[in-house]
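With chain A held as given, fit chain B onto it using these hints.
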Amino acid sequence: MKELIEVLAKALVDHPEQVNVHEIAGEKSIVYELAVAPEDMGKIIGKQGRIAKAIRTVVNAAAVKENKRVMVEII
Amino acid sequence: MKFVESTGKSVEEALRLSLIELGVSRDAVDYEVIEEGAKGFLGFGAKDTKIRVFIKENAVDKAVQFLSKVLNEMNIEASITAEMNEDSLSIAMEGEDMAILIGKRGQTLDSLQYLISLVVNKDKEEYIRVSLDTENYRMKRKETLENLASKLAYKVKKSRKNVVLEPMNPYERRIIHSALQNNPYVSTKSEGDEPYRKVVIYYDYKKSKVSNS
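Read top to bottom, the protein sequences are chains A and B. At position 20 of the first sequence the residue is numbered 19 (numbering that gives the first Met the number 0), and the sequence of numbers has no breaks. At position 147 of the second sequence the residue is numbered 146 (numbering that gives the first Met the number 0), and the sequence of numbers has no breaks.
So here's chain A without its partners, still in its complex pose:
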């Protein structure tokens, strides 16, 4: 799951080497904190969060397949 988020984020940003995903396992769900270069924030969030929403939708689909609950937070 972590790798999936990395693949998605790295393909969208200008500085893929600064993409960092941090996994925090909770009781019921896993939170993934996605960090990118400050100038790449827009490329990962998009107008009205459209890109962020698309990333979350795809990650959620992968999570459903593995019976997991995941959240992606952009920090």
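Be careful, since some hints might not be right.
Using 25 Å as the maximum straight-line C-alpha spacing, the simulated DSS-like pairs for lysine-lysine come out as follows [what the hints assert, rightly or not]:
| no. | chain 1 | residue 1 | chain 2 | residue 2 |
| --- | --- | --- | --- | --- |
| 1 | A | Lys52 | B | Lys68 |
| 2 | B | Lys206 | B | Lys154 |
| 3 | B | Lys123 | A | Lys42 |
Because the hints were derived from the structure by calculation, they are not lab data.
Leaving out everything else, chain B in the frame of chain A:
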């Protein structure tokens, strides 16, 4: 975008040198002339031609590479076919677990399609429209929406009350609009802001008067 600059006595020579440097074939690059060379006279005033050579990035390869990486990380096995027609790229996936890739009302499919189009159009001037499909979902969804549109139009015609549809993306709203464009009694409009924009079907008194007279 990746490019190199090279100089030579002529455009052909400069181009040939840059192809050797880049290690690619002629049809993989575009170039622009930065400085026009001059032959000069008896060796005086001769100037080399300077060109800038760009590697054309292949949209199909980029899209397929990205999508297969994503599917691989999702643990979904699928075969991908992609086809480029003028300025649009059609990609189809085939395999098991396609229901997961489609998602509720196609939202996963739409999200993937949107992400692929961002990747393909990144750092590009001309826009390539990307459409992603599996198991003929797009066509089936279109038929579903057209059936829904004509059923609701009938209801509006009978009751003369507006019907508001659930929020849809621009592509699906357009299917509804065009399905009812020539309906003699009702008209359609869109209301609200993205991503919650909805189609409203309403009884059109003006249209109906014309059709009744």
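Results of checking the hints against the structure:
For the hint pairing A:Lys52 with B:Lys68, the CA-to-CA distance comes to about 20 Å; that is within 25 Å, so the pair holds. Between B:Lys206 and B:Lys154, the direct Cα distance comes to roughly 16 Å. Compliance with the 25 Å bound is thereby established for this hinted pair. At most 25 Å may separate the alpha-carbon atoms for a hinted pair to count; B:Lys123 and A:Lys42 meet this at roughly 15 Å.
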